[in-house]
Every structure is written in structure tokens, then in C-alpha cells.
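There are 2 protein chains.
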Amino acid sequence: MVNQIGLPILNHTQMIQKKYSYLLIACLILVFISCNNSPENKELDQHPNLILNAKSVSEIKANLGNVPLFDETLAQTKEDVDAAIEKGIEVPVPKDMAGGYTHTQHKLNYANMQKAGVLFQLLGDEKYAIFVRDMLLAYAKIFPTFETHPEPRSYATGKFFWQCLNDSNWLTYTSQAYDCIYDWLPKEQTDYLNTNLFRPYADFLSVGNPKYFNRVHNHSTWGNVAVGMIGLVMDDEELINRALYGLDKSDVDLTEKDNDGGFIYDKEGKAGFLANVDSPFSPDGFYTEGPYYQRYAMYPFLIFAEALQNKKPDLKIFEYKNGVLIKAVDALLNLTDVDGEFFPLNDGQKGMSYYTSSLVSAVDIAYFYGKQDARLLSVAKKQGAVQLDATGLKVALALKNGAEKPFVKESMELSDGSKGDEGGIGILRYNNQKQTMALVYKYAAQGLSHGHYDKLSFSMYENGDEVLQDYGLSRFVNVEQKNGGGYLKENKTYAKQTIAHNTITQNETSHFGYDFETGSKYHPEKYIFDASNANFQLVSAKEKNAYPGTEMHRTFMMVKDADIEKPFIIDINKVQSNKNNQYDLPFHYFGQIIATSFSYNVPKTLSPLGDKYGYNHIWKEGVGTANAESIQFTWLDNKRFYTITSATNKDDELILARVGANDPEFNLRKDPSIIIRKKNTQNTVYASIIESHGNYDPVKEVAKNAYSNFSKIEVLTDTVDYTAIKITFKTGKEKLLILANTNNNSQKEHTATVKGTNYTWTGTYYYK
Amino acid sequence: MVNQIGLPILNHTQMIQKKYSYLLIACLILVFISCNNSPENKELDQHPNLILNAKSVSEIKANLGNVPLFDETLAQTKEDVDAAIEKGIEVPVPKDMAGGYTHTQHKLNYANMQKAGVLFQLLGDEKYAIFVRDMLLAYAKIFPTFETHPEPRSYATGKFFWQCLNDSNWLTYTSQAYDCIYDWLPKEQTDYLNTNLFRPYADFLSVGNPKYFNRVHNHSTWGNVAVGMIGLVMDDEELINRALYGLDKSDVDLTEKDNDGGFIYDKEGKAGFLANVDSPFSPDGFYTEGPYYQRYAMYPFLIFAEALQNKKPDLKIFEYKNGVLIKAVDALLNLTDVDGEFFPLNDGQKGMSYYTSSLVSAVDIAYFYGKQDARLLSVAKKQGAVQLDATGLKVALALKNGAEKPFVKESMELSDGSKGDEGGIGILRYNNQKQTMALVYKYAAQGLSHGHYDKLSFSMYENGDEVLQDYGLSRFVNVEQKNGGGYLKENKTYAKQTIAHNTITQNETSHFGYDFETGSKYHPEKYIFDASNANFQLVSAKEKNAYPGTEMHRTFMMVKDADIEKPFIIDINKVQSNKNNQYDLPFHYFGQIIATSFSYNVPKTLSPLGDKYGYNHIWKEGVGTANAESIQFTWLDNKRFYTITSATNKDDELILARVGANDPEFNLRKDPSIIIRKKNTQNTVYASIIESHGNYDPVKEVAKNAYSNFSKIEVLTDTVDYTAIKITFKTGKEKLLILANTNNNSQKEHTATVKGTNYTWTGTYYYK
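Chains as they are written, first to last, in the working numbering: chain A, 1 to 768; chain B, 1 to 768.
These are computed hints drawn from the structure, not numbers from a lab. Take these hints with a grain of salt, some might be off.
Note that identical chains are pooled: a pair holds if it fits in a single copy or bridges any two copies.
[As the list claims (entries may be wrong)] Computed list of lysine-lysine pairs in DSS-like fashion (alpha-carbon distance at most 25 Å, straight line):
{"id": "1", "residue 1": "K211", "residue 2": "K620"}
{"id": "2", "residue 1": "K187", "residue 2": "K127"}
{"id": "3", "residue 1": "K670", "residue 2": "K639"}
{"id": "4", "residue 1": "K95", "residue 2": "K704"}
{"id": "5", "residue 1": "K141", "residue 2": "K639"}
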């Protein structure tokens with residue numbers, strides 16, 4: 001099954017000539033014709049010239065041994081590749097899905113080739129060139145022996161992998177290896193590889209798979225870059241143009257969808273690498289699919305940009321769209337918790353962090369081609385590795401010189417949409433030495449096929465721990481036993497549904513009726529983002545299309561009160577509708593319930609909460625009635641106490657829920673939530689205080705501040721224009737909050753009457 | 001509510017004289033009589049002489065500033081006490097249960113007094129003496145104003161606390177503070193305090209509560225020590241004798257039980273401190289209640305031993321029962337995972353560790369009065385604090401001199417029972433630089449009132465994480481909202497039941513029918529413990545009384561095979577009965593199911609697994625049938641893959657279960673288990689391989705070794721004398737295991753016929 005290559009080192013050209021003589025002659029003719037067709041190719045630069053080049057190689061060599069982080073990365077890389085060389089070349093005939101043997105081996109191969117190419121250039125040891133060459137020849141040998149990968153599960157079945165996406169990974173990395181040994185190889189061999197492996201492979205990934213190549217999507221970005229990278233190596237202008245601008249789309253069906261449920265083609269009819277920079281990135285550098293996929297796409301975006309800058313500097317790719325590629329790195333680093341883990345917005349696997357190798361490259365490239373932002377150095381230092389090129393050298397040198405500054409994540413807003421006018425993500429943060437809190441509010445657009453139906457949802461973090469979670473995706477990436485490492489069906493039936501998020505579901509139906517086309521048409525409208533007062537930060541947005549006839553307007557405030565140790569969150573969720581509905585607002589907490597102010601019943605047997613839109617996956621563990629105008633719910637998680645205090649109507653239902661129903665493969669996590677249900681209601685306000693207020697020390701067995709700091713929250717007035725809330729602290733202290741609902745001008749003067757008293761203020765809120 | 005004390009510093013004696021003049025005269029007469037009755041008291045030593053004395057104080061003072069760990073502890077202590085002094089004295093009238101305000105305040109008070117006493121001695125600043133004095137006077141003032149604590153929930157209601165236990169904590173700590181200021185106080189004041197607070201308090205805790213004081217139990221240990229400590233301070237021989245030997249028990253009912261369900265009185269009729277050393281400690285230093293309560297009891301055991309050694313050296317308390325008190329510290333440190341957390345055997349709250357202050361004292365005292373075991377120093381170093389006396393000084397000096405050695409926890413057996421013949425705990429361990437594994441096998445006796453009904457159960461740890469758990473207790477210690485911080489009813493209905501543990505339940509009934517008296521009569525019999533071969537460690541025990549007519553014989557082997565990265569566990573659980581039964585063997589794992597070799601159905605609605613003995617708390621999430629002679633079950637937890645491979649009969653049921661049914665207060669954790677159920681079976685063997693075999697990296701998204709190393713395990717032969725098992729590795733390699741079931745002589749030669757072949761070997765097992 002495994003194709004072991006053991007060609008003699010000195011006479012491989014002879015051997016190939018022998019084996020492939022006729023083919024070779026035919027190819028040489030083809031190459032000759034091809035060269036004649038592309039006059040630029042006659043003036044080839046010296047290789048390497050893609051990522052490394054003569055100048056950077058000589059600079060690096062001059063510094064080796066004196067740049068600790070670069071030296072360490074190089075030593076680790078050498079160790080990895082030496083071990084791979086020791087193990088021998090294995091190029092198996094493709095067979096397995098993600099996580100399986102052949103899949104994993106081909107992934108290892110491209111990673112090792114890319115590293116070996118670099119080692120050849122930096123260390124000059126031919127064994128690395130030989131390793132790359134022999135492996136390439138092995139690939140060239142099996143490439144023509146089969147049509148596609150035997151597993152037909154993708155909308156774009158690949159060659160060595162089950163999907164073109166992974167093949168594009170292969171080609172993106174391997175192009176770099178190839179570039180590093182290009183000039184070392186005899187011309188006959190490069191001609192042979194170009195003709196028999198690389199050009200046909202690039203064609204397969206582009207013209208052979210237009211539905212894959214010609215999209216605005218992270219998949220296509222990889223496809224574009226793979227084709228572009230090998231095009232740059234081979235100086236094949238046709239491939240380069242194909243990569244930059246896509247294929248012709250005049251005869252395609254723009255409504256076609258892929259197996260993720262996304263549109264195959266961009267609605268504006270654009271394609272290619274530049275379209276993939278234009279469309280999914282907002283001017284702030286937010287990538288509409290979400291940080292998990294942005295992380296995945298950053299590598300091809302930036303490595304190709306670096307290659308283009310090296311070979312096509314006139315394109316000024318790093319200045320494209322106001323330098324959005326550099327901004328995107330900053331945005332992405334800000335979309336992490338204190339441990340560097342990405343917020344799992346939309347489809348995102350938890351645990352993925354800026355320690356991933358694609359972010360090592362991204363940080364180094366952004367440092368080099370951006371403005372040498374010293375904060376990036378502190379991230380590079382944590383990553384403990386650099387990219388083995390001029391960018392990594394510069395970072396390692398700067399770190400050696402102690403130039404780094406801390407990367408302090410501040411409150412910030414990241415707009416969504418290619419023009420920045422399609423909502424966004426608002427992050428409110430609080431940092432002190434002992435404590436960090438972050439509230440992540442999502443009022444972004446659909447996010448292409450990886451988007452979730454969770455308008456105006458939020459998640460909350462404390463010291464890097466999830467407090468109120470975004471479920472993330474339902475998938476065990478690369479765990480073969482779980483659907484070949486691919487998406488699980490519960491991703492659609494639960495994880496993407498509205499009820500899986502901390503936002504309102506109306507009438508047990510997901511936003512937009514879980515219709516992707518509808519969802520893709522709309523986005524929430526930002527109302528306010530104001531973090532100028534560190535003690536009263538505010539973010540607010542409206543959603544009018546998730547449920548036709550219903551408008552949701554949700555505002556979060558992060559308030560640091562001098563009397564209370566930690567900041568608390570005020571969550572005002574105003575709903576107006578043209579008819580009566582049932583509203584469910586869940587809070588997806590973790591840990592164990594400590595106390596509830598309301599009584600509830602637990603059933604003898606558990607039934608699902610509903611029969612579709614994710615409700616079918618939720619067990620109803622307990623049901624109670626508020627019976628009060630304000631309820632409290634306290635839980636313990638990660639040795640901390642949390643309380644939600646929420647204004648209620650007396651007949652509001654409180655549902656204690658847990659994920660896990662109708663989950664025959666045990667694909668879902670059995671995570672709990674509390675759902676505040678308002679039945680038969682037209683207009684209403686959910687007003688809640690969310691607080692972290694104490695801790696439990698299991699060694700000292702001391703529960704500190706185990707009780708909420710608040711006694712209640714009340715909605716005093718709610719009109720179209722103003723919503724007034726009263727917060728009562730345990731100490732008896734009271735605060736009045738008035739929000740202006742229809743005018744977000746910060747200079748506007750307001751007057752509102754609350755319980756007979758007139759209040760006048762300037763700006764969108766009153767809080768005293 | 002809060003009794004604020006703000007007595008003038010200089011004229012307090014006058015004030016007291018004024019307020020209590022008549023009472024004082026009466027008391028002085030009493031003291032005079034009392035002194036005449038105890039001639040020894042005439043020759044009082046100089047105070048302090050309990051824990052600190054003139055010699056140790058002067059040694060410590062001479063070293064201050066040059067013993068880092070001691071200096072740091074002293075600085076921290078000073079900071080704590082200075083803050084308490086700043087805050088002012090609060091001695092509230094008792095009102096709350098554990099976790100509540102008055103409870104917490106009284107706890108703080110005794111801790112701060114003990115520290116302040118030490119600070120007065122070591123720093124010489126009178127403000128610390130004044131703080132102790134004023135607080136004692138405040139206590140003396142309210143002491144006679146009420147009978148007992150208003151919450152009558154304990155079998156022994158206390159004074160300042162809801163149970164005498166906490167009052168004994170108070171007196172044990174406060175005695176030390178009192179000793180430190182004794183000579184500084186005017187004699188009138190000590191006389192007053194002795195007569196009005198301490199002696200009546202000691203009487204209350206002893207003669208006033210014989211059911212509390214006169215037991216063999218950690219509660220009584222505290223009671224004995226409290227009375228003994230204050231007796232030593234006051235040189236009150238009557239109290240000292242009462243503490244050492246208990247009260248007269250001629251007229252008590254030996255079958256009476258406390259509110260934990262334990263016997264009030266020791267079955268042999270012993271009582272007092274020495275009885276509490278004699279009876280619950282095995283010769284190896286294992287404390288029959290389990291490590292959580294041993295940790296709690298170590299402080300009174302050792303602090304009183306230190307005081308006795310100081311004041312009654314002729315008792316040679318540290319040599320008592322072959323030096324069991326020192327051995328107990330070693331045993332306790334070995335009953336922890338790599339993070340220093342105690343194995344939660346019996347009633348044990350998870351997270352409690354050797355970082356607790358009682359273990360700081362224990363480690364220092366054991367170092368000082370034992371053989372200066374250098375391994376203890378490395379524990380003290382991790383603890384980052386020492387006891388502020390001669391023992392802590394010695395430890396800090398030794399650490400300063402770099403004398404510590406690592407505390408490597410090896411495989412070991414700890415016998416149970418006062419003579420060491422009532423079963424025990426067997427711990428198999430594997431340590432290398434990257435990896436530690438521990439298997440904890442429990443074949444100990446009932447463990448008094450805190451014992452669980454879990455004969456032959458086990459738990460498993462990897463790198464400090466629980467892999468297969470012991471549920472521990474059901475309680476949130478000191479979290480007031482949860483039943484005042486006390487035991488929850490689910491502790492009895494679930495946590496103590498057999499099904500909550502990784503051992504066999506027969507006919508859905510807990511061991512001994514969950515009858516404490518029956519359970520207390522019996523214990524399993526150790527069969528083998530042999531850790532001499534690091535690559536094949538073995539522990540085996542038998543239980544014949546949990547189910548009359550049924551014998552269970554369970555053997556665990558920890559095997560390190562050269563072909564496999566980590567060690568694996570073989571678990572052979574042989575059951576013989578005089579009738580047909582249903583057997584349930586659960587494995588309480590964590591995390592998510594990755595794959596099962598068997599198919600199963602998940603119900604549309606969840607029902608409890610049974611109606612009593614803990615089954616009523618378990619949801620039946622899925623049920624399948626083995627349909628094979630060996631099944632596999634793989635899960636992912638803590639980024640590691642685990643598989644249980646188990647020999648089955650084709651009609652064995654596999655139940656996928658989760659805790660949480662009938663839990664109206666959400667007191668239980670919703671933890672999962674898989675139960676292997678054999679119905680209508682008389683004799684059988686559960687044979688399983690438990691392995692940790694890979695890991696998942698969510699940053700690299702790589703699943704390494706996600707599949708088991710084994711393809712099956714089979715029972716080839718099972719007779720009364722021999723059980724033969726075949727293990728088949730994925731590679732095809734096979735191993736034959738034969739266990740001798742009835743002769744544990746390691747020199748005995750055996751011959752057994754397995755599938756027609758004769759095998760001959762020496763010792764209890766054959767493995768090839």
C-alpha cells in the first residue's frame with residue numbers, strides 16, 4: 001500500500017530518463033511550446049524567490065546562532081525533518097478520510113517537504129533537497145494512476161485527500177519546497193514535475209473543480225493560493241491570473257449550494273484571490289466566517305501575499321483594501337480569550353488558539369510587512385516559534401533586542417461586511433492584574449456557510465474560562481471515528497440553531513426559519529458601541545429581520561461599580577412585535593446550580609423540549625414559574641459563583657435544560673442552560689444582571705461572596721423611545737438606567753418621564 | 001446582631017471587675033479550691049509551653065530574617081492578623097449554619113487568635129496580645145448568655161457553632177493563643193477566663209456531650225484534643241486525663257448512632273485521644289475514614305502530640321503504636337494524585353489537597369519528630385508555608401540548606417484496621433518524566449460513618465486527572481445555600497451507594513444491603529499486593545460478605561508492555577455465587593464517547609435505571625447488547641483517548657448511564673458511566689483492559705493513536721483454582737494470563753491446563 005521510494009542519489013535523472021523517456025520527450029515539446037507562449041518566463045529569477053530568496057537566505061545565514069527564537073525554531077524543524085528522513089518516504093495511495101492513515105501521512109508529507117526545502121536553503125545540506133525531490137517524484141509517479149480520491153463525500157473530491165481543500169493545502173506548502181530545490185534540480189526534472197504533477201494538479205484544483213475554485217470562501221482561498229503559489233514557482237502567468245481573478249463564471253448557476261449548505265458562488269459574481277480579500281473581510285479585518293476559519297485562511301492569505309510581494313511587488317498586495325491583510329491579523333488576535341483561544345463564533349472548534357502554526361506565520365508576516373507593531377512580538381514570544389524566512393528573522397531579532405510590548409486586548413468593535421456596514425462584533429473587556437472579563441456580542445452578518453443563526457447572541461469569559469458559552473461547532477476535527485473527522489449532523493440540527501446560543505428564539509423557530517438564503521440577505525444594525533468610559537462600557541444593536549414583524553434590540557453594559565469587586569453586566573433585550581409570540585432567552589452556563597429564587601419541579605422522566613430547531617436536542621430537566629418580578633439564579637463553576645438576576649413577569653417560565661436528547665452517537669456535549677420563557681407576549685423587555693461575585697476554595701473550604709450583590713432588577717418604563725430600569729443592590733443602593741431606543745446620537749439631549757419624575761441627559765443613556 | 005467589642009486597652013481588668021465582681025469572687029474561691037486539689041499545678045512552667053516555649057521562641061528570634069520560608073510565612077501571617085486587627089473584633093451571637101456569617105466569623109476569630117498569639121511571642125508587639133485578650137473577653141462575655149447554638153441539626157449541638165466539632169476547632173486553636181499570652185495576662189484575668197470560659201467550655205464539649213466526646217471518630221478526636229489542649233494550658237490534670245482516656249462509658253448504649261449514620265460509641269468500649277490513635281489507624285498509618293477525614297484529623301492528632309511531647313514527654317506520644325502518627329503523615333501524602341489532591345475515598349470532597357494548612361503543620365511536625373525525612377521538605381517547599389514554631393523553623397532551615405529530596409510516590413499498599421488485618425488500599429503507580437498513572441484499589445473496611453458501600457472498587461488517574469472516578473461525597477462544604485454547607489441527602493441516596501463506584505452491584509442492591517452495622521462487621525481480604533516487577537504490578541483482594549452466598553475476587557494488573565507507550569490495566573473480576581443473579585459493573589468515566597464496538601438504542605425519553613440504592617439517580621441514556629465475545633468502548637477526555645476492552649457474553653447488556661435523576665435540588669454532578677450488565681448469571685468473570693492510548697491536540701487538530709492497542713480480551717478458562725485470559729493486541733501479538741485464585745503463596749508451583757495445553761509456573765500468576 002505504501003509506495004516506498006529509494007532512488008539512488010546520483011543517477012536518478014538517468015533512471016527517470018529511462019523510465020519516462022518517451023513521455024519526457026513529449027513533455028519537453030510541450031514545455032517549449034508553453035515557454036514560447038509566455039515570454040516573461042524566459043527571464044526567470046533565480047530560485048528560491050517565492051518566500052525565501054538569495055538576499056533573505058544570506059541574511060539569515062549571517063545571523064544564525066545569534067537569534068534565539070529563530071535558532072530554536074530551526075533546531076526543532078531540523079529535528080522533525082531528520083526524524084522524517086530517518087523514517088523514510090511514504091506516499092500511500094489515497095484511501096482514508098480525515099484522521100485516517102493516508103490522510104495523515106499526506107499531511108505530514110507536505111509539512112515535512114516545506115520544512116526540508118527551507119532547511120536545504122538555510123543549512124545547505126543536500127539530504128534535504130534529496131528528500132523533497134524523491135518525495136515529489138513519488139507523488140508524480142502515483143498522480144496519474146487514479147482519477148480522484150476514493151471517498152466521494154465532498155462537493156469537490158480531491159486527489160490525495162477526500163476534498164480539494166486538503167489538496168490545496170498540499171500544493172500551497174509543497175510549492176514552497178519545490179521553489180527551494182528548483183535550481184538544484186536538473187532542468188529535465190523540473191520540466192517533468194511541472195508537466196506531470198504540478199500543472200495538471202493546479203488545473204485539477206481550478207478548471208477541474210470550478211465549484212470549488214470559483215467561490216468566495218476559505219476553501220477557495222486555499223484553492224486560489226495553491227494554484228497561485230505553484231504558478232509563481234513555475235512562472236506560469238496563466239495560473240497566476242487564474243489564482244488572482246478566478247475562472248470565468250458566465251455559465252454557472254449562482255444559486256447552487258455546497259455540502260456545508262453555503263452558496264457555491266459569490267452573489268456579486270466575483271472570484272479569485274483578490275475577490276476573497278475584498279468580500280469576506282471587513283475594513284477592520286474581521287473575516288465574516290468567524291475567527292476559527294479566519295485562523296485557517298490567514299496562512300494562505302498571508303503566505304501568498306508574501307510571495308506576491310516578493311515576485312509581483314507592483315501589485316502592492318499589503319496595501320490592498322487599505323492594508324486589510326495586516327489589519328486582519330490584529331483583528332484575529334483580538335478575537336481571543338486571555339489564553340489566546342479564539343472565540344468560537346459560528347463554526348469554531350474550541351481550543352484552537354493563536355499558538356497554531358498558521359498564526360506564527362501570520363504574526364511574523366504582519367510584523368514585517370506592517371508597521372513593526374511591537375505588540376506582535378509579545379505574541380510571537382508566547383508562540384515560541386517563528387517562520388523560517390526574512391519575516392521570522394526580523395521578529396526574532398527584535399525579540400532578541402527586547403523590543404516587545406504586551407498585547408493588551410482592549411474593548412473594541414470589529415465591523416462586518418466588505419464595506420463594514422453589515423453589523424459586527426462588539427467586545428467589552430475589563431482587565432486588571434487579578435482579573436479579566438470579556439463579553440463578546442455578535443451582531444454580525446450570516447458568515448457564509450459556516451454561519452450560525454444567532455443574531456444578537458453573546459458569550460462571556462472570565463480569566464480565559466467560558467462563563468456563558470457559545471456552543472461552537474459539533475465536530476471532532478480529524479478524529480476519524482467521528483464521521484471521518486468531518487462535520488456531524490448535530491452541527492446543523494443543534495449547534496447552528498438559535499436555541500444553542502444566548503439569544504432569543506421566537507415561537508421555537510430559529511432565526512430566518514433556519515433558511516440560509518434569507519439569513520444571507522440581512523444583518524443586524526449596530527446601534528452603539530461606546531467603550532470610552534471604562535466604568536460604563538456599552539454595546540447595542542438591533543435585529544429586524546430574523547423574525548418578520550418582530551424587532552429585537554439588545555444592549556449590553558459592562559459596569560464597574562466602586563462598591564463591587566468585579567464588573568457586572570447589564571443585559572437589556574427589548575422585543576417589539578406586531579403579534580403575540582413565545583420568547584425563549586437561554587443562558588448557557590456551566591457547572592452546578594447553587595440556588596434559585598424560584599421553585600420548580602423536576603420531572604420523573606426526561607422529555608425533549610421540542611421537536612425541531614434544536615429544541616429536539618434539549619432535555620427539560622426542570623420547570624418553574626417566576627412568581628415574582630425579579631428572579632435569581634446562582635451557580636458555581638470553575639470555583640467561582642455567578643448569579644443572573646432577571647426582571648420577570650410572574651407567569652414567566654424558567655426552564656432548566658440540558659443538551660443531549662436525540663443524540664444517538666453521543667456527539668453533543670451535555671451542557672446545561674436556563675431558559676427564561678415568556679408566553680403569549682407581544683412587546684417585552686428581558687432585563688438581566690449577570691455577575692461573577694465570589695469564589696470557592698476547596699482547599700480552605702471557604703465560600704467567599706457566595707451571594708449576589710443585587711436584590712433585584714425592575715423594568716420601570718418601556719416605550720418605543722425609552723426603556724428605564726431600576727437596579728437594587730443588596731446594600732439598598734439603587735441605580736436608575738434609562739436607554740434611548742431610537743436615537744443613537746451621542747450629542748442628543750433627552751428627556752424622559754419615569755414614574756412621574758422627569759430625567760434629562762445627553763447621549764444614549766442615563767445611569768445614576 | 002454583631003457584638004462589637006471596644007474595651008479600653010488599659011482598664012479592662014477594672015471594667016470586668018466592676019461588671020463581674022461578685023461572680024469573680026466566687027470563681028476565685030473555686031480556683032483556689034481547684035488548685036489545692038491538684039498539687040502539680042503549683043509548679044507551673046512558664047508560658048508559652050504548649051507549642052512554643054522559651055527555647056524555641058529564642059531560637060526562632062535568632063534566625064528571623066535568614067530562613068526564607070519561615071520569614072515569608074511570618075510576613076503573611078502578620079499581614080493577615082494586622083488586617084484583622086484593623087477590621088476590629090467581631091464576636092457575634094451565634095446564628096448561622098456552615099458558610100453563614102456568624103459561622104465564618106467565629107472560624108476567622110480562632111484562626112486569627114492563634115496567629116496573633118504566635119506573633120506576640122515572635123515579634124513581641126503587645127498589640128497582638130491585646131487582640132487575643134480582648135477577643136477572649138468578648139467570648140467570655142457572651143458564653144454564659146445562651147445555652148447552645150440555635151440550630152439544632154447536629155447530634156451534638158455546639159455553642160458558637162452548630163456542632164460541637166467546630167467548637168472543638170475553636171478551642172484547639174484558641175488554646176494555643178491563650179498559652180501565648182497567659183503569662184502576659186494578669187492572674188485575675190486568667191483565673192477569670194479559666195473559670196468562666198475555658199473550663200466550662202471544656203466541660204460542655206466532654207461531660208456535657210458524651211455522645212460527641214466519647215467516640216472513636218474524627219469528631220471526637222477534635223473534642224479530645226480541644227479539651228486536652230486547654231487542659232495542658234491550664235495544667236488541669238482532670239481535663240488532660242479526660243482527653244487522653246475519655247469519659248466513663250459504663251451506662252451508655254453502644255448501638256446508638258449519630259446523624260451521619262455511624263455508631264456513637266466504639267465497639268470495644270474505648271474512648272479518648274489514645275483510643276482514637278489506637279483504633280482508626282492501621283499500623284501503616286492509614287486512617288479508616290479515608291484521606292479526606294484523615295487530613296482533617298491530622299491537625300488535632302499532631303498538634304496535641306506536639307503539645308504532649310512538650311509538656312508530657314514521658315508519654316512518648318510519637319512512639320505510641322510504633323510511631324503511627326508519623327507514619328500517618330507519610331501514608332496521607334501517598335494518598336494523593338500528582339497535584340497533591342487526596343483520593344476521594346469514602347466521604348471526600350474533591351480538590352482538597354496537601355496544600356491545606358493542617359498538612360503544613362503535619363508535614364513540619366512529622367519532619368521534626370520523625371526521622372527528618374528529606375522528602376517531606378519538598379512537600380513543604382510546594383506548600384510554601386511552615387508552622388510558626390520549632391518544627392517549621394527546622395523545616396525552613398533545612399530547605400534553606402537545600403536538603404530536600406523529591407517526594408516520589410511509589411506503588412504501595414496501606415493496610416486497614418487497627419491491627420492491619422482488615423483489608424486495605426492498594427495503589428499501583430507508573431511514573432516517568434512525561435507521564436504518571438495511578439490505580440487506587442479499595443479493599444478497606446467500612447470506614448466508620450463516612451464509609452461508602454464500595455468493596456473492591458477502584459479509581460484511575462493520569463497526570464493528576466481523574467480517568468475513572470470515585471464520585472466522592474455529595475456536599476458543598478461551607479456553601480451555605482446548599483443545606484447550610486452540610487451533607488446533602490444525595491450523599492446517602494447516591495454517593496455512598498455501590499452503583500456510584502467502579503465495582504459490582506448484585507441485583508440492584510448495594511453491598512451489605514446498605515446496612516451500616518453489617519458493613520462494619522466485615523472487610524475484604526487482601527489476596528496479593530506485588531509491585532516488585534515494575535512492568536507487571538498486581539493487586540488482588542476478595543470480598544465474601546457484601547452479598548451473602550456470593551464471592552467476588554478482583555485483581556488489577558498494571559502492565560507496561562515495551563510495544564506500547566503507556567501502561568495498561570488488566571481488571572479481572574471473578575464472581576462466584578450459590579444462585580443466579582444480575583451483576584452490574586460500571587465504569588465511571590468523564591468526557592465524550594468516541595466509538596463503541598456494539599450498537600445500542602437511545603430512548604426518546606429518559607427514565608431512571610431503578611428505584612433505589614442509587615439506581616434511582618441514574619438516567620438510562622442508551623442500552624445495547626454486546627453481541628460479541630469482546631466489546632470496546634472509546635472515549636475522549638482531557639484531550640486523551642481511552643478504551644475499555646471487555647470480555648462479554650453475547651447477551652450482556654451495555655448501559656450508557658448518567659447521574660441526575662430524582663435530583664430536585666441539582667445537587668449531583670451529571671457524570672456519565674458505562675455499565676456492563678450480566679443478567680441471570682451465577683458464576684462469571686469480568687475481564688477488561690483499561691488503556692489510555694493517545695491524545696488530541698486541538699491546536700494542531702491532530703488525533704494521535706485514537707484507536708485502542710488491543711483487538712480483544714477473552715476468558716479461556718475459569719475454574720475455582722485458575723482463571724485464564726487471552727489478550728490480543730492490534731498487531732496480532734497475544735498474551736496469556738493465568739491467575740491462581742486460591743493460593744497466594746509466591747513460592748507455590750502451579751500447573752493449569754488451558755485449552756488442552758499444560759502451563760507450569762511459580763507464584764500467583766503466569767503472563768507470557
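Each hint, compared with the structure:
1. In this assembly of identical chains, K211 and K620 lie within 25 Å of each other by CA distance neither inside one copy nor across copies; the values are 43 Å within and 46 Å between.
2. Taking CA atoms no more than 25 Å apart as the test, K187 paired with K127 passes inside one copy only; the shortest distance there is 19 Å, against 91 Å between copies.
3. Within a single copy, K670 and K639 get their C-alpha atoms as close as 20 Å, and across copies as close as 17 Å, so both meet the 25 Å cut-off.
4. Only between protomers do K95 and K704 lie at most 25 Å apart by alpha-carbon distance; the minimum there is 18 Å, versus 57 Å within a single protomer.
5. In this assembly of identical chains, the alpha carbons of K141 and K639 never lie at most 25 Å apart, being 58 Å within a copy and 38 Å across copies at closest.
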